[in-house]
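**Q** So the protein sequences, as listed, match chains A and B. In terms of the numbering used here, the first sequence is numbered consecutively and its last residue is 241. In terms of the numbering used here, the second sequence is numbered consecutively and its last residue is 1426.
Check each hint, because a few of them may be wrong.
Unchecked claim - Below, in silico cross-link-like pairs of lysine-lysine (DSS-like), each with a Cα-Cα straight-line distance of 30 Å or less:
1. B:K1216 <-> B:K1348
2. A:K224 <-> A:K100
3. B:K1216 <-> B:K1197
4. A:K100 <-> B:K1216
5. B:K1325 <-> B:K1219
6. A:K71 <-> A:K224
7. A:K72 <-> B:K1325
8. B:K1325 <-> B:K1206
9. B:K1219 <-> B:K1206
10. B:K1197 <-> B:K1074
11. B:K1325 <-> A:K224
12. B:K1216 <-> B:K1206
13. A:K72 <-> B:K1197
14. B:K1219 <-> B:K1162
15. B:K1219 <-> B:K1074
16. B:K1206 <-> B:K1162
17. A:K71 <-> B:K1219
18. B:K1348 <-> B:K1162
19. B:K1419 <-> B:K1074
20. A:K235 <-> B:K1325
21. B:K1325 <-> A:K71
22. B:K1197 <-> B:K1219
23. A:K100 <-> A:K235
24. A:K235 <-> A:K224
25. A:K72 <-> B:K1206
26. A:K71 <-> B:K1216
27. B:K1216 <-> B:K1325
Bear in mind the hints are in silico, worked out from the structure with no lab data behind them. Being a predicted model, the structure only gives us computed values, none of them experimental.
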Amino acid sequence: MSRDDFLTFTTPTGIRTSSLPIDFAVLLTDTLESPATFLLTHFVARALREPRKVLFVGLSLAFEHYATVLKKNGIQLANERTADRFAFVDGSTAAGSLPKLYEAIATALQSSGSALVIIDDLSSLLWSGHSSTDVARFFAGVRALVASSSSSLVTLMHGDDLHTAGDLEDSHLFRRVLQQSDLWLQTTSLSSQTRGELSIYRGPALVEDYGIVDRSGPTALQYKLDESGPTFSVKGLGKFL
Amino acid sequence: MSSFKRRVTTTPLPGSRPSPYNSLPLLSTGLSSLDDLLGGGLPLSSSLLIQSDALTSYADLLLKFWVAQGLEAKQEVVVIGSALDGEGPQGLVESLMEVDGGQVLGDEEDEEENSEAKEEKLKIAFRYEGMKQHATTVSAPTPPKGTENDVYCSLFDLTTTKQLRAADRARLTVVDVDELSEDPSRPPAEVYEELYKRLESIITEKGYLLPEDGTKPRKALRIAISSFGSPSWGPAAWSGLYSFLHRLRPLLRRSACTLVSTFPLPLHASSPTLLTRLSHASDGVISLTSFASSPLSISQFPRHHGLLSIPKLPSLGSLVPPSAKLSVLRGLGGGGEGRENNLGFRVKRRRFVVETVNADEPVGPEVEKKKVEKKVEEKKVEQKVQEKMGERETKVRFAGEKEAPKEQPRRSVSSIMHKQPELYEF
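If we strip away everything but chain A, and leave its shape as in the complex, we get (with noise of 0.2 Å):
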């Protein structure tokens, strides 16, 4: 299986295509075995291939973690980002308030038209001391932001803690984002970090069909990672093809 081809999408003229549609919302969550970084570089490779503006919102990792990473995938982030095409919100100095915050990303859709939004990650809004309420209100005008710029969001969570009766806070977010995302894709670990896998669920928000099919439990997928990305493979044949 192609790199491109474990998430596709059918416009409505029938045409299957890779990139994410327009308005259309991506809800990741991994765990600390599993972590998707990998596919937020997929998502940003892919948008830049296509080319697509894209905005990141960094509030775990820096902008270097990222340019190193792609630079793997052939793509020099720091020339995008002279070329406009990139923008970087560093979030580790505005995540202290949730306006400055949700300013700073107003001024750069702004400036940018429609774009490729993606948020690293969500959790640490919520376990650096903001509440849940505020964190889904947040979440919710980014939402509102990117229908009426006509972009794109995929964002991030960690689900560690989501099945267990644990902290109330980390499900109650999840729900509240989830109601609004048009998929969900899991990761879970498979014995190490270098291989897991991904499941891919229809969310609550979707209304057009998009030609996307359910991948969990038996169906699921299976991933191996490599430096370059991963490599997806079909549950049930024994190894990695």
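Dock chain B against chain A, hints included.
**A** Then chain B, alone, in the frame of chain A:
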């Protein structure tokens, strides 16, 4: 740009090695086996969280290795802790271990094992003779030529205590958390905020921020936090702990500093999700599961003191952690598709060893001793029984005045078949 480049030999940072994976500078943890697990060492500008499950001091022992290695490599070290926790940061500094002199007798246990191995020189099939001996751990690395003055990973001796010289003390900065929060006018919840500010000022004052022009730093700073977030640090919301690590991470990235902290999990037993949050905010996580509280595990793994697992491996600037390609101990070296080894640790008299653990553990000397003891006991019982039998026999002999038939040694069927085939044929 020309594709021909002048080759410039860059001297690495003192006390560091370039990673064989992506040539990032690495710092040694002071244990060659742990370095191997992390992919050669801990990357500069990263953070590692060591989590121990029971109230044991194994995690703090690893922290001591980290600090001692820093002093050995002539790097500056910042030690942070609360004096209310056990020995406190000052006690930790005073009880560091000394480097193994080398000329002294080797490790007794090792010698025992070696002599055993010599005795049990088995005749094995020729195709296996050329292969390496089965090893459960990695040996100390040999320094490359020309770097005699530059120490990367030393071999420490747990039986000795390091006498801190004036030069060592000059390199050490001890921060007591209690003194940070001593000001009564300040609410104690801001300990983490104060600590962050203090660390920031230490890093900037000592000149450890990475140069803006992209040149390489000249020295590295090690930060060690003992019992991060323990109750003696004062009451604080979880978010305080999380945002401390979360904010420290970009600061570390901008500087030539590496952080190792220990996290006492049992003190946070009521909040199981806190550990995952802190793990997400650090670059690597090592989890120690000691056998101290489970007699079942002790009987199953008599040689080891606990299990070691790595839920998160440091992967700076790469999607795949370098350890996945490089680690020998994990059994993944060479990019093999093999299953991952289970890992355990044990504290010998002079060493701390991380090695592979198998469920079908090879029988250790202790177990063999027990078996021998059992056999001896059985023999004694048998002798007693025989003595009694003998008494009876003599009584019988006296009664019948006839010589009792000599006790014949037990013979197996196969020996009968072999020696007296005519008997068996019938």
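**Q** So, for every hint listed, does it hold in this structure?
**A** Hint-by-hint comparison with the structure:
About 39 Å separates the Cα atoms of K1216 (chain B) and K1348 (chain B), which puts this hinted pair outside 30 Å; it is violated. Simply put, K224 (chain A) and K100 (chain A) have alpha-carbon atoms about 38 Å apart, too far for the 30 Å limit, and the pair is violated. For the hint pairing K1216 (chain B) with K1197 (chain B), the CA-to-CA distance comes to about 25 Å; that is within 30 Å, so the pair holds. A distance of roughly 35 Å separates the Cα atoms of K100 (chain A) and K1216 (chain B); the hinted pair therefore is violated under the 30 Å criterion.
Simply put, K1325 (chain B) and K1219 (chain B) have alpha-carbon atoms about 28 Å apart, close enough for the 30 Å limit, and the pair holds. For the given pair, K71 (chain A) sits about 19 Å from K224 (chain A) by alpha-carbon distance, which is consistent with the 30 Å threshold. Between the alpha carbons of K72 (chain A) and K1325 (chain B) the distance comes to roughly 17 Å, so the proposed pair stays at or under 30 Å and holds. As the CA atoms of K1325 (chain B) and K1206 (chain B) are separated by approximately 36 Å, the hinted pair breaks the 30 Å bound.
For the hint linking K1219 (chain B) to K1206 (chain B), the alpha-carbon distance of about 10 Å falls within 30 Å, and the restraint holds. The hinted pair formed by K1197 (chain B) and K1074 (chain B) meets the criterion: a straight-line CA distance of about 25 Å does not exceed 30 Å. As the CA atoms of K1325 (chain B) and K224 (chain A) are separated by approximately 13 Å, the hinted pair is consistent with the 30 Å bound. Our distance criterion of 30 Å between C-alpha atoms is met by K1216 (chain B) and K1206 (chain B), whose separation comes to about 16 Å.
The suggested pairing of K72 (chain A) with K1197 (chain B) is violated, with an alpha-carbon distance near 36 Å, which exceeds 30 Å. Distance restraint check for K1219 (chain B) and K1162 (chain B): the Cα-Cα separation of roughly 23 Å lies within the 30 Å cut-off, and the hinted pair is therefore satisfied. Restraint check: the Cα-Cα separation between K1219 (chain B) and K1074 (chain B) comes to about 9 Å, which is no more than 30 Å; the hinted pair holds. Note on K1206 (chain B) and K1162 (chain B): the hinted pairing holds, with a Cα-Cα distance of about 25 Å set against a maximum of 30 Å.
Simply put, K71 (chain A) and K1219 (chain B) have alpha-carbon atoms about 28 Å apart, close enough for the 30 Å limit, and the pair holds. For the given pair, K1348 (chain B) sits about 18 Å from K1162 (chain B) by alpha-carbon distance, which is consistent with the 30 Å threshold. For the suggested pair K1419 (chain B) and K1074 (chain B), the alpha carbons sit about 76 Å apart, so the restraint of at most 30 Å is broken. A threshold of 30 Å between alpha carbons decides the hint, and for K235 (chain A) with K1325 (chain B) the separation of about 24 Å falls inside it, so the pair holds.
For the given pair, K1325 (chain B) sits about 20 Å from K71 (chain A) by alpha-carbon distance, which is consistent with the 30 Å threshold. Among the hinted pairs, K1197 (chain B) with K1219 (chain B) is consistent with the structure: their alpha-carbon atoms are about 22 Å apart, no more than 30 Å. Under the criterion of a C-alpha separation no larger than 30 Å, the hint pairing K100 (chain A) with K235 (chain A) is inconsistent with the structure, at around 44 Å. Annotation: proposed proximity of K235 (chain A) to K224 (chain A) holds, straight-line Cα distance about 12 Å (limit 30 Å).
For the proposed pair K72 (chain A) and K1206 (chain B), the alpha carbon gap of about 35 Å is over 30 Å, so the pair is violated. At roughly 20 Å between alpha-carbon atoms, K71 (chain A) and K1216 (chain B) fall within 30 Å of each other, so this suggested pair holds. Between K1216 (chain B) and K1325 (chain B) the CA atoms are separated by roughly 26 Å; this keeps the pair inside 30 Å, and the hint holds.
When held up to the earlier numbered hints, the structure conflicts with 1, 2, 4, 8, 13, 19, 23 and 25 and fits the remainder.
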